[in-house]
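Produce the entire structure from the sequences given, and follow the hints as far as they go.
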Amino acid sequence: MKNTATEVVPAEGGLGNDPLLAVDNLHVEFATRAGLVKAVNGVSYTLNAGETLAVLGESGSGKSVTAQAIMGILDMPPARIPLGEVRFRGTDLLKLKEEARTQIRGQRIAMIFQDALSALNPVFTVGWQIGEMFRVHRGMSRRDAETKAVELMDRVRIPAAKQRVNDYPHQFSGGMRQRIMIAMSIALDPEVLIADEPTTALDVTVQAQIMELLAELQRESNMGLILITHDLGVVADVADKIAVMYGGRIVENAPVHDIYRTPGHPYTKGLLESIPRVDQKGQELYAIKGLPPNLLDMPSGCSFHPRCPYRQDNCVTDVPELYEINPTRNSACHYWREVLDGTDG
Amino acid sequence: MSDIRPAGPPHPETEHDATGQAVAVGTPEPPPDVKPAKQGKPASLWSDAWYDLRRRPLFIFSSVLILILLVIAVFPQWFSSVDPFNAATCQLAQARNPPGSAHWFGTDNLGCDVYSRTIYGARNSIVVGMSTTIVTAIVGGLLGLIAGYRSGATDTVLSRTTEVFFAIPPILGALLILAVFRTGNVWTVMLALAVLAWPMTFRIMRAAVIMAKNQDYVMAARALGAGPGRIMFRHILPNAVAPVIVVATINLGGFIAAEAALSFLGVGIQSPDISWGLMIADARDRFLEAYSPLLFPALFLSVTVLAFIMLGDAVRDALDPKLR
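Order-wise, the sequence lines are chains A and B. If you count by the working numbering, then the first sequence holds residues 7 to 351, one letter each, in order. If you count by the working numbering, then the second sequence holds residues 29 to 352, one letter each, in order.
Simulated from the structure, these hints should not be mistaken for lab results. Note that this is a predicted model, so its numbers are computed, not measured. Positions of the beta carbon are idealized from the N, C-alpha and C atoms, including for glycine. Just so you know, nobody snuck in bad clues.
Residues from chain B shown here face chain A by an in silico Cβ test under 8 Å; the list is partial:
#, residue
1, 247
2, 248
3, 255
4, 258
5, 263
6, 266
7, 267
Okay, the calculated beta carbon distance ranges per label pair:
#, chain 1, residue 1, chain 2, residue 2, range
8, A, 81, B, 209, 37 to 47 Å
9, A, 211, B, 75, 25 to 35 Å
10, A, 228, B, 258, 21 to 31 Å
11, B, 82, A, 283, 56 to 66 Å
12, A, 211, B, 185, 46 to 56 Å
13, B, 185, A, 81, 16 to 26 Å
14, B, 170, A, 327, 50 to 60 Å
15, A, 157, B, 258, 20 to 30 Å
16, B, 185, A, 291, 54 to 64 Å
17, A, 31, B, 75, 47 to 57 Å
18, A, 283, B, 78, 49 to 59 Å
19, B, 75, A, 325, 54 to 64 Å
20, B, 75, A, 157, 21 to 31 Å
Structure representation (structure tokens):
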């Protein structure tokens, strides 16, 4: 008898009042020919049921690698997790055996990907792929699984689901493919859903639809949602709290409205100022100067210091800890007070 | 993976999304301007390839030839009233007769009917060709799948092993293997050919698997809880099998030719069993006196090999539209 997902990690609660998912001081490195790439350097965040956490950051900031480490789908080697914990209802997933993790993937924690076309298998019909979740994990018959697949396609609002259940992924448009991916990921009612840039490959109008769909599904099932994105516009409406990542670290943690009103880290501030506004028409657009850090050769001290307008001498030497601005907010900037005040450095 | 996207006719892409307005949250109805799903059968890789194949003259021609050969191989008695295994049908007095009404393809050195022998010889060629293809596809394919998926030490060991086999000259290797068995028959010839040919299938499968396993859908399958077996056989294999099928079809003709060569050299199928290669060998000394005992089996052999190579070409074009 194979152990089931609920035997691996208890269905409810856990020890004490553990959050649904807690990432604690996670480090991920990749051994490459050019040297050791430290992609994630001590990331911590928590997620409660029914909550949406947006992980924000530019390419290479480690946001996707963190998600893949939570899912346990990093290729190891070359990846390594030298330090850190990923606690799911109090159980450290990183210490579980591969079989146990396979049980959790899909059933308890699921993930959707950026490019749904390449994330769907081109040789099988979408109905077969959605139904696979039920056949593999629930031991359903082919026919029952297909019925469930149609139900799910209805749930993610794919028109004429019954007729389209036997179509192949390439016969759907981009937004519809992402809906199918979402249908697969919510098939088994996971408690945590990680969406890795779910709307990046889509048109703006479709982006809004997909975000609304995700938000609605989350409300219905009370799952925790981790939304990985580099698009500040996508985040504002859906997220409860935001973790901003830079150079493999979290530089700011805050409830969503706080961050938009008063950013507590120069990088967040720069990101917000980089959003083009209509009243800027004809003027030069703002950009954070400099380049993202080279993960092979991270800047000393605060990794943002070469690009930071608030830089002081100690930024070059001292790594800033996550200072507590208030019980719900943190900022990894020595001069967070100045940033909050808005006095430019 | 773009290169295995089906070719075939353009699929009417039904756009539902960009309606210009978001679907209202909580509305169970689909967006208003949605057309019903397109008609016709869904277009899988295989149904597309089949659609494509049916329209290729090369495919039709070669498959008709192969079909005829298969019928000949299974029911030779339908084509020849003479049983070539019955020694009484050979009459030394009639040796080396030219083609005529009694013996369509003439008679050989022992006065046996060349036509019936050629017809009955098809079976061994087809059996050797097909069984060798199946065995190499299964062995090479399976090991290639494992090597490509597991990579690391497993891959290194298997890949170096295949390189050892690649270093053996094929005919020499087959001669050696058959010498070990001492007897030549359909199955030992099949085994000798399979031992030497599986590394090719292995390499092709391994390369296709490595390409397929790095696709997002494999990672997505993992992220949604598929175990290694399911990922290998359900997600990678169907996406990696096309090149193996192509090579297997083309190789089938090659195995038939190799069987004839080994039988010709005297280590393959042995008399009194019948093989085209054996017939060619028997007829070669007296070729100038009687051409027909050599010409007809050679003709059948060439046409058979050609038919399988043409079929393989057609299948490749259908499965891998990029090569066109």
